[in-house]
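Count along the sequence shown from 1, add 212, and you get the number used in this note's numbering.
No lab work stands behind these hints, which were simulated from the structure alone.
Yeah, the Cβ is synthetic: ideal placement off N, Cα and C, and Gly gets one too.
Accuracy of the hints is not assured; some may be wrong.
Pairs of lysine to aspartate or glutamate residues, derived as DMTMM-like cross-links and limited to a Cα-Cα distance of at most 25 Å, are as follows [said to hold, decoys possible]:
1) Lys373 - Asp349
2) Lys392 - Glu409
3) Lys367 - Glu409
4) Lys373 - Glu409
5) Lys245 - Asp280
6) Lys367 - Asp349
7) Lys367 - Asp316
8) Lys245 - Glu279
9) Lys245 - Glu269
Pairwise CB distance ranges, derived in the manner of DEER restraints [stated by the list, open to error]:
10) Phe412 - Ala323: 19 to 27 Å
11) Arg438 - Ala386: 26 to 34 Å
12) Ala323 - Asp349: 36 to 44 Å
13) Glu383 - Pro351: 29 to 37 Å
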Amino acid sequence: MLPTLALADPDVQVSTISIPAGGGTVRATVFEKAGTARRPAIVVLHGAGGMIFDGPEMRRVSRHLAEDGNAVYLLHYFNRTGTVAAFDATMQRHFGLWRRTVVDAVAEIQARRGDASPVGIYGYSLGAFLALFTASDNPRVGAVVEHAGGVWNGKLDRIGKMPPVLMIHGEQDARVPFTKYATPLVPELRARGRRLETRFFPTEGHTFTPAAMMTVREDAARFFRRWLRPP
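Put together the whole structure using the sequences plus the hints.
Shown next as structure tokens:
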């Protein structure tokens, strides 16, 4: 049975802005409901497929989070290095600069909104690796949803104090293998973090089915609702 498709909320407005970050400038697609209400901000990070391949799903994630009442910034961090899609060598070469770009973008978003409240980060694949390193020992980040990621190059000792994290991973993932990345990450985050929640999918691989992604979007919205807003 095909999943039921929800109609897009017409109140969500989409715009594009430029953000100084990482010593350069990158774009962000902003999803936010009309009005002047204060809202939690969330940064969404695509994977190695960039906006060409990961963009459609990341836009669905961004819109869903915006419909739930957040201001969502889909960050085109590959702009900083002129990358379209990244293979392993490119990721090794640019990971540090991309991380600095995300760190700077979080601070810039807070400044533009005039709100120092911690920001959420949703990262997929490469974006999830970046999300974890960006959040480590960073009080600007209040919650992380990491989907199909892990710790870059297995450097678990580089992870410091963490905000609440929701780990999402397919147990059949051949690109970012579950036992290599997710399994060792669980005890590390439990030791370093305020709260860890896990959502593992036994039959999903690296790219989730549409039905599974509907669940992921709902879980992510619920998680951010819990940790980015006062009770």
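- request: Quick one: which hint numbers does this structure break? Sort them smallest to largest.
  value: 10 and 12
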